[in-house]
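A.B. asks: Sequence:
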Amino acid sequence: PAVLAPTALMLLIRVEVLPDVVALRGRRSAVATVLLVFLIAAGFGTVYEIYEWLSDTYLDTHYQPDSTDTMSDTLANDVGGLVGGLWLVAWAARARGRR
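My numbering numbers the first residue of the sequence shown as 1 and each following residue consecutively.
The set of hints was computed from the structure by calculation and includes no laboratory data.
One should not assume that every hint holds.
Claimed, not checked - Label-pair restraints from in silico Cβ distances: (1) R28 with A95: 12 to 22 Å; (2) A76 with V17: 23 to 33 Å; (3) A23 with S72: 41 to 51 Å; (4) W53 with R28: 35 to 45 Å; (5) R98 with R28: 15 to 25 Å; (6) D78 with V15: 21 to 31 Å; (7) T46 with D20: 23 to 33 Å; (8) L54 with D78: 15 to 25 Å; (9) Q64 with L39: 34 to 44 Å.
For every residue, glycine included, the Cβ atom is placed at its ideal position computed from N, Cα and C.
Go ahead and model the full structure; you've got the sequences and the hints to work with.
C.D. replies: Next comes the structure, spelled out in structure tokens:
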């Protein structure tokens, strides 16, 4: 999530689905960037957890042995999203400083 979510945000900006909040300056832009990356990571993680549940329920797989597995996966996605968002903000600020 720390790499996938920022990459997904940049792709969504590139295809003009989302405005380029990364290029903007200021605290609001930084918060928006971190929040969007976090939400993308959380969304990807949620979809995958639903896939695991459906697979276990209907295909008799064993992707989710217990709720601890689900919650640790969710936590990893959320933390990864926050780290990726903070990294993207720092990277963008550093790139602007080089210009």
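A.B. asks: Determine for every hint whether it applies to the structure shown.
C.D. replies: We went through each hint and held it up to the structure:
1. R28 with A95: 12 to 22 Å: Cβ of R28 to Cβ of A95: about 19 Å, so the range 12 to 22 Å holds.
2. A76 with V17: 23 to 33 Å: 26 Å, holds
3. A23 with S72: 41 to 51 Å: 35 Å, violated
4. W53 with R28: 35 to 45 Å: With a Cβ separation near 37 Å, W53 and R28 satisfy 35 to 45 Å, so the hint holds.
5. R98 with R28: 15 to 25 Å: 23 Å, holds
6. D78 with V15: 21 to 31 Å: 25 Å, holds
7. T46 with D20: 23 to 33 Å: Taking Cβ atoms as reference, T46 and D20 lie about 25 Å apart, which means the hint holds.
8. L54 with D78: 15 to 25 Å: With Cβ atoms ~21 Å apart, the hint holds.
9. Q64 with L39: 34 to 44 Å: 23 Å, violated
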